[in-house]
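Asks: The primary structure of each chain is shown beneath.
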Amino acid sequence: MKPRPFDYVRPDTVEEVLELLAEYGDDARVLAGGQSLLPMLNLRLLEPSLLIDISRLAALDTIHDRGDAIEIGAAVTQNKLMSWAPLQQKLPLVALALNHVGHFQTRNKGTVCGSIAHADPSAELPLVLALLGGEVVLQSRRGTFTLAAADFHQDMLTTARKADELVAAVRFPVVSRQGVAFQEVARRHGDFAIIAVAAVMQDAGQARVGVGGMAGRPLLREIKVERAAEAIGAWADELEGHEDLHASGALRRAIFKRLGPPVIAAASTAKVGGTA
Amino acid sequence: MGEQLGKPVLRKEDLALLSGRGRYADDLPVPVGTLHAHVLRSPHAHAEIVHIDTAKAAGHEGVWAVITGEDVRRLSDPFMAVIKTPVTQYSLAVERVRYVGEPVALVVAESRYIAEDAAELIDIDYAPLDAVLDPVAACDGAAPLLHPQAKTNEISVRDFRYGDPDGAFARADHRIAMTVPFPRLSFTPIECYVVVAQHNAAEGSYDVLANFQGPFSMHPVMARALRVSGPKLRLRIPPDSGGSFGIKLSVFPYVVLIALAAKITGRPVKWVEDRIEHLVAASSGPNRVTRIEAAVGNDGRVLGLRLDQLEDYGAFLRAPMPGPLYRMHGAVTGAYDIRDIAVRNRVVLTNKMPASLIRGFGGPQLYLALERLMHRIAVELKLDPLDVIKRNLIPAQKFPYRTAAGALYDSGDYARAVEIAIGQGRLDDLKRRRAAARAAGRSYGIGFAVVVEPAMSNMGYLSTVMTASAREKAGPKNGAVSMATVNIDPLGAVTVTADVTVQGQSHETVLAQIVAEELGLTPDDIEVVLEMDTAKDQWSIAAGTYSSRFASGTAVAAHKAAVQMREKLKAIGARQLNVLPEDVELAQGKIRSRSNPDNALPFGRVAGTSNWAPTLLPEGMAPALSETGVWTPPELEPPSSDDRINTSLTYGFIFDMCGVEIDPVSYQVRVDRYVSMHDAGRVMNPVVAAGQIRGAFAQGVAAALYEEFSYNDEGAFLSGTFADYLVPTVSEIPDVEILHYESPSPLTPLGAKGLAEGNCMSTPACIANAIADALGVDEVILPATPRRIHALMEKAKQ
Amino acid sequence: MRRVNRNERVRIALTLNGRRLSAEAEPRMLLSDFLRHGLGATGTHVGCEHGVCGSCTVLIDGVAQRSCLTLAVQAEGREVRTVESLAAPDGTLNPLQQAFRANHALQCGFCTPGILMSFTDYLARNPKPTIEQIRDVLSGHLCRCTGYAGIVAAIEEVAKR
Ligand code: FES
Ligand code: FES
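Chains as they are written, first to last, in this note's numbering: chain A, 111 to 386; chain B, 14 to 811; chain C, 59 to 219.
Since the hints were derived computationally from the structure, they do not count as laboratory data. A quick note: this is a predicted structure, and the numbers were derived from the prediction, not measured. One should not assume that every hint holds.
Said to hold, decoys possible - Below, in silico cross-link-like pairs of lysine-lysine (PhoX-like), each with a Cα-Cα straight-line distance of 25 Å or less: (1) K395/B <-> K25/B; (2) K200/A <-> K190/A; (3) K810/B <-> K367/A; (4) K186/C <-> K190/A; (5) K218/C <-> K186/C; (6) K245/B <-> K549/B; (7) K367/A <-> K549/B; (8) K486/B <-> K444/B; (9) K25/B <-> K603/B.
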């Protein structure tokens, strides 16, 4: 299928982007990598009147080390981040998760911020951003705001972004001294996960654990390593588990129960300092 | 096997395909002024069409026509069907829609983009009706009727008896039965359908390009629907096709629809199906529910079989359906020596897309039931599954073997092939792996499947759907014609044409090998031109590429044509070399004296004689410009009065075994090791053969574990994109160890049998048996997705 | 700021396989359609138009991506490479193409151009991939004919050279 008609604009500055967003609001869609947007346009699921192409904006194509966090601009592709030299050392969990994001070919174009903004409930990057307590940087003519990831991602494909705002960047807190682990189960290699589990060690045998695919957005919890199986079991039983063609809620709960404990164990034994 | 044949010759096709110079249907030039069509489809599984308002769409800028079922009814006739019923089908829905995705209107516009815009402006008032999706429920008298005039959804029932099944069941120590459903799926070629149609108003004729695969028995069906005689529908098939697997038969309704659009607009019209349309409505294999029951002795010997096969063809029974139900009919007892059988074949219609040809063509459905039953017999009688299989195999000394239902198995030594596979395939290793996995608390199982793979269909098999007396009235139907032509140009260059359609099976290469072998040339010397044109090429109703007809059919015709040409060239050469024809041989690009190889002429010199100096030809010889080989094997007889039918010409054999493990975290079934033994007679090109086997194997794995067209109870289609319909990637396809055993077919001069469909038949059954073994369960529903495996394990716990 | 309104057809110029070319397109035209029907480069195939099958994969500024998930106007001024660029001008296949032929890595050939382009990019970045890496990159493509074994073997062969 072919997209419905729309106007296309490729602004030269971020200011122009914000002007357009202010003018068009919900009628506009920001086009960065297009790996989620274009399929929806091709399927005629959307009818934006304007596409704002930010993929060539150098100002947004930056990876910025802020010391305590790494800020990734809206035009940075997933593969660009993957080949960013300090990634392994500064964001080992992101490095692990990126291996599971789509395919080489889609990561070449798909952006980190685009994945966060799309807010698929089983996508890897929103899970990791939420788990690490990261932030989303929203820009509009009204100013720049940051929002905690957990507040940004509200539900399935739903975020707190206002119509005039651009997801200008996301910030992943640097986690290099704690063990991390990530694993997922998908039907096919590269598909969205049925269940994705990520863990990052806290102090005193505690792990912070996130799960994607169980609800409309990533869920987080602190869990004691030695009681991981029990705690994950109890947690899974509290949840409905999202139901779709590929997995029943019961299957998701079962997978979570089996996937969660080894991920926690892996995080607790991971070598720290970037070689997780 | 020869200089050329049997060798791993590199493919002729590849140079163009690897350089982006393939000529697929959507790549070919179209006439100036060609318009583009888009099909608007039903969102309902079952509904009356109350009203269609096309005014807004027709007024949209760039739109040439909006065509509805009423136009189609006015300008065309319903498609002819195999079974005479009051069911009518046109190329667009008339009055009622019966499945989600059914074509309802066609928009013809300047571009595809505009046609899609305009389609959104068509206003249709539907009155929804209850839908029925389940084939068993659809047979119930209370079920909603798809075609009320037919008064039932179960539109064909036939009973067959061979030998004394009742006696066998009365005699047997045990009766073991099971019900085995086979799912709906397709093998989704990566290239979708393409049709470009022109109408010549002065001549009242159509010229259509389509990536249609055959059989060309559908040509009269299309011509009749268009209300023209055969010659007035010129159908052309492009030189390349992006995969087919049976699915590209079903482009035929669109050939008619787009031809009508060309007539209505007076302009050439092109339609390129997109993936969404393809998944929801192109075609699928029929799903089937088989009730199968065996009469079994204490030793596991099967004395009799009863099958009730209920096949679900979706909303319409399109020609040449119900093929899958009858194509295997002669081979319904598979590789087993079972003489007393009763078969009931039933055809039911439900609110799904119409089903049709798909690689394996009835084999996957049959063998899943039969092989699951054999496994079950072993479990119930506490025997080794392999022993049960071996005890029932047709003994080698009985070949050629006439099955109970009439198939003539040409050659084989099944027991020997199984023995070799167990040894070379290392069954002991599989057993060790199972023991080790189980000791570690993991779920691991071993499965087996044996399959007889028929090739080159008897075009008369479908008439088995009629009673003997109805057949008598309808006139005889049997046999199958294959044709190929070897041409020689003025300088002696050789070209070959044949009655197959290209879709990736390397026909060009193999035909070049066959002809080169006989003419003493190399495959590089032979041009093979396989694009088809019904106005200019020789074809019969059997033409096309389907049911593995190439190796046993067209390849033989090409061989015959080459032999005919060879003999003529020998006679011509004899005169020029001054030797006797018996002393002439064609070798190394020369035509020479066998006894004195120095007495030689270049091939081209002799071969050009018919052009340049026809008076030098031996007396009475017609010029050797073109020789057509026609092959009509006599073994393909019509069904007998007691319904026995030799459904195919050759019958290959496959024995598969595998080990699978259930992933303890994901519930995904993982194939640990898979061994596939093939007896396909003589192998003409081992590389091509391995490619076909691997391709079929991947599709077999897909059917077993991944792919399914899913509908909900209301008939909504849930598998509408490649994100939902799970075609396996390289990560999901395990390795397969391929073994060969060769029992050449005595019925064809090349001794080759088919081999490209076998693993579509054997692999689902083999994996299902392994899963049953792993989990110790009786019922395994395919595809065995994590969702189903999890449910099975939960059920087993209780 | 480049702006093209919905029903406006503008001339889109880009470099295709080393040649500066242009054709008209409205903003919504997909790059896959533009290459095939605007510029006549039919070697790039379309199998799904929703980004899963990979048969439309081309290189834009050297980077492999789905041309069905790219608008023609997005490729404006860029360097696009398609399968037609791989063989030498005299038709000699490059090593990757030759390995595909030698390993029977294609049957119908419809998926093949996309796969060749993916690995043209990937092997340039990582000339000696492991078999796992090969399979990982190949998993971005669907092939219905081959069962993938020949494709993996072909790429392994190139990687071993
Ligand atoms: S056509 Fe682009 S990925 Fe399938
Ligand atoms: S070769 Fe046919 S789809 Fe890959």
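Asks: Against the 25 Å threshold, does the CA-CA distance of K367/A and K549/B hold or violate the hint?
Replies: Distance ~66 Å between K367/A and K549/B Cα, so the pair is violated.
Asks: Compare the distance between the alpha carbons of K186/C and K190/A with 25 Å, and conclude whether the hinted pair is satisfied.
Replies: holds (20 Å)
Asks: Is K395/B within 25 Å of K25/B, Cα to Cα?
Replies: The hint is violated at about 53 Å.
Asks: Within 25 Å, alpha carbon to alpha carbon, are K218/C and K186/C?
Replies: Roughly 7 Å between the alpha carbons, so the hint for K218/C and K186/C holds.
Asks: Taking only the CA atoms, is the gap from K810/B to K367/A under or equal to 25 Å?
Replies: With a Cα-Cα distance of about 17 Å, the restraint between K810/B and K367/A holds, given a limit of 25 Å.
Asks: Hint check: K245/B vs K549/B, CA-CA at most 25 Å. Holds or violated?
Replies: The given pair, whose Cα atoms are some 12 Å apart, holds under the 25 Å limit.
Asks: Checking one constraint from the list: CA of K486/B to CA of K444/B, max 25 Å. Satisfied?
Replies: violated (57 Å)
Asks: Would you mind confirming whether the straight-line C-alpha gap from K200/A to K190/A stays at or under 25 Å?
Replies: holds (15 Å)
Asks: Can you confirm whether the C-alpha distance between K25/B and K603/B stays at or below 25 Å?
Replies: holds (23 Å)
In terms of the numbered hints stated before, the structure departs from hints 1, 7, 8, listed from lowest to highest.
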